[in-house]
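Chains A and B, in that order, give the protein sequences. As numbered in the UniProt record's numbering, residues 1 to 290 make up the first sequence, in order. As numbered in the UniProt record's numbering, residues 1 to 359 make up the second sequence, in order.
No wet-lab data here; the hints were simulated from the structure. Do not rely on the hints blindly, as some may be mistaken.
[What the hints assert, rightly or not] Simulated coverage check for chain A against chain B, where a stretch passes if three residues somewhere in it have a Cβ under 8 Å from a Cβ of chain B: (1) 64 to 75; (2) 87 to 99; (3) 262 to 268.
[What the hints assert, rightly or not] Label pairs and their computed distance ranges (CB to CB): (4) B/F49 <-> A/F157: 36 to 44 Å; (5) A/I253 <-> B/L37: 42 to 50 Å; (6) A/Q172 <-> B/F35: 52 to 60 Å.
From the three backbone atoms N, C-alpha and C, an ideal C-beta is built for every residue, glycine too.
Each chain, letter by letter, is given below.
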Amino acid sequence: MQLAVNILVLAAIYALIACGYVLIYRVSRVLNLAHGELMMLGAYMLVATASAFSMSPVMAVVIAALMSLAVGGMVYLFLMRRMTGEMVLAAVLTTVALGILIRGAVILIWSAQQYHPRAMLGWGNPVITLPGDARISLYAALLIMATVVVYGGLFLFLRFGRWGMRMRAAGQDPLLAAQRGINLHAVFALAWGLSTFTGALAGILIALDSGLDSTMVMIGLKAFPAALVGGLDSLAGALLGALIIAAAEVGVIRFIDPLLADVVPFIVLIAMLVIRPWGLFGTREELDRV
Amino acid sequence: MSKPLPSASGHFRRSYADEFRLIETRLAKTSAAAFALVLLVFPFAVSPFYVDLATQVFLAAIGALALMLLTGIAGQISLGHAGLLAAGAFTTGILYKEFGAPFWVTLPSAALAGALLGVVFGLPSLRLRGLYLAVSTLALHFLVVYLGGEYETRRGFSTGILVDPPVVFGYEIYAPRVWYFVLLAAAALTLLICINLMRSRSGRAWRAIHSNETVAEALGIGIARYKLLAFVITSAITAMAGALFAYYRGFVSIEAFSLYLTIQYVAMIIIGGMGSLLGALLGALFVTLFPYVIEGAMAALPGADRLAGSVFAVNYAAFGIVMILFLVFEPQGLVGIWRRVRNYFLLWPFRQTALGERP
Chain A
1 MQLAVNILVL
11 AAIYALIACG
21 YVLIYRVSRV
31 LNLAHGELMM
41 LGAYMLVATA
51 SAFSMSPVMA
61 VVIAALMSLA
71 VGGMVYLFLM
81 RRMTGEMVLA
91 AVLTTVALGI
101 LIRGAVILIW
111 SAQQYHPRAM
121 LGWGNPVITL
131 PGDARISLYA
141 ALLIMATVVV
151 YGGLFLFLRF
161 GRWGMRMRAA
171 GQDPLLAAQR
181 GINLHAVFAL
191 AWGLSTFTGA
201 LAGILIALDS
211 GLDSTMVMIG
221 LKAFPAALVG
231 GLDSLAGALL
241 GALIIAAAEV
251 GVIRFIDPLL
261 ADVVPFIVLI
271 AMLVIRPWGL
281 FGTREELDRV
Chain B
1 MSKPLPSASG
11 HFRRSYADEF
21 RLIETRLAKT
31 SAAAFALVLL
41 VFPFAVSPFY
51 VDLATQVFLA
61 AIGALALMLL
71 TGIAGQISLG
81 HAGLLAAGAF
91 TTGILYKEFG
101 APFWVTLPSA
111 ALAGALLGVV
121 FGLPSLRLRG
131 LYLAVSTLAL
141 HFLVVYLGGE
151 YETRRGFSTG
161 ILVDPPVVFG
171 YEIYAPRVWY
181 FVLLAAAALT
191 LLICINLMRS
201 RSGRAWRAIH
211 SNETVAEALG
221 IGIARYKLLA
231 FVITSAITAM
241 AGALFAYYRG
251 FVSIEAFSLY
261 LTIQYVAMII
271 IGGMGSLLGA
281 LLGALFVTLF
291 PYVIEGAMAA
301 LPGADRLAGS
311 VFAVNYAAFG
321 IVMILFLVFE
331 PQGLVGIWRR
341 VRNYFLLWPF
351 RQTALGERP
């Protein structure tokens, strides 16, 4: 039972991060390798707001998340907008460079020490005992809820929302979408903003649960196989992919070798690339379009 | 024609023998001789610190040239370069530690391990393109690094493997100046191999694959064969660079082969200029010297010393900014700048570039 809960928590983390990769890839065909860093930046935003808004902790969390939304939009407007129409490699490498820049800047501003935003906000982290004698911390439970809410919201938004429809259109055919009067730059900026927002949400909740330092980037990178296993342009795929990766990782830690933990997602990724490169729910033609 | 004529020089080839000459014009001959002379005198004219720096540049140049063949010429994206370096270094370290193998055994073994790994890295390239290929090489990087780490912990070398200086013909390569010449020779040899690959059948095939795979196949080029060949050659050279790195440092630890190292090598070929061997050399020089320049600048600037505790963070940030600036404003890299400057002086007082010459 405890094993199932562990898998579920890890899957929720990966899924919440992976939807950021999927959003950006689906809309603009760019793989954002700075996602882990952007997510970490979101968590550090909370450190900044926590000391500024020590009166109202909820306010601090909300403002940190909203700031990440703005950061994501600005990353597109000031940087990635210039890379539209360039080689795929150039765009990906720009995100890599952005990632290094953020990593350096974060350490410069906040130093390399470990932070505990939960203590800064004055919140506790009670352990909830579930039926079947499984234990889960409050923030891990919140993480699962956040994942459900975010995915539900994204499904509704993409299916019925006016801007969601525009995003799908831009992803299917940017040229036709632009011809129909859709402001592509606004749509792409929105995708980057939403992606960073969900990533930061994951980062903030992980930081609240277990503290924050620059190793968080690795979690962001490990979530990437989840997105690819499910299919880079499919949200439902990201959910399933996260579950597969999390199950593999927790299983290996429990039964084989804890040292393998950091590699398992990538082994699953290689296996998937050999069998079915476009992922479980991905569109097959994507391979030739990149 | 396998390579363009020297630009605006008034030089033309009149026989087939001219096509095969490495150095064509008198200006090229004199400048190459002068450059060689400078390189030979350099270690005797400066302090050991600069000799070490130059040696690092040569080492980086070998890896950058190899990556340029794969990514810049053949167009196959790889984010697993640090993994290949690690494979070479660990082959050397393990063979030395377990069997006491000499230099003449470890270096070819490293090349062989690299070539085998190159096949493994290259196999996905037969099915995958672009992003997906980059991702699969990235995944393989983590796998190699894990295996190296596993070896370290299992055998109790958790801090790293110590490697003694190599002995060649009864002579121990230890002194910095000796290393300087050894690695200079290695880099020069790599450059020669790369130049010859570029102007032979394989180089033409790679460039054709890079421009358009379908057309290349229609021309009768074996896509699978040449893609794998690119991966194998690159990996073998890179693994040998890794082996030399292990000997030069005298120490192998998996910590040294992080994702950041891969990014540094990729940055070398971007900053240097995609598709040009000269670019790989310039990029290796730039990226290797960059942290020292930053450090020097921080020491010189007033008020920067409060950041002294986090030099590496400043490095990261500055490196990211420089990479972004090159990607956005100068996609041709340092070579693009060099070509513009050269053409300006070659054509002065006119402004027009020669027909068919890139601006």
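Hints the structure fails to honour: 1, 4, 5
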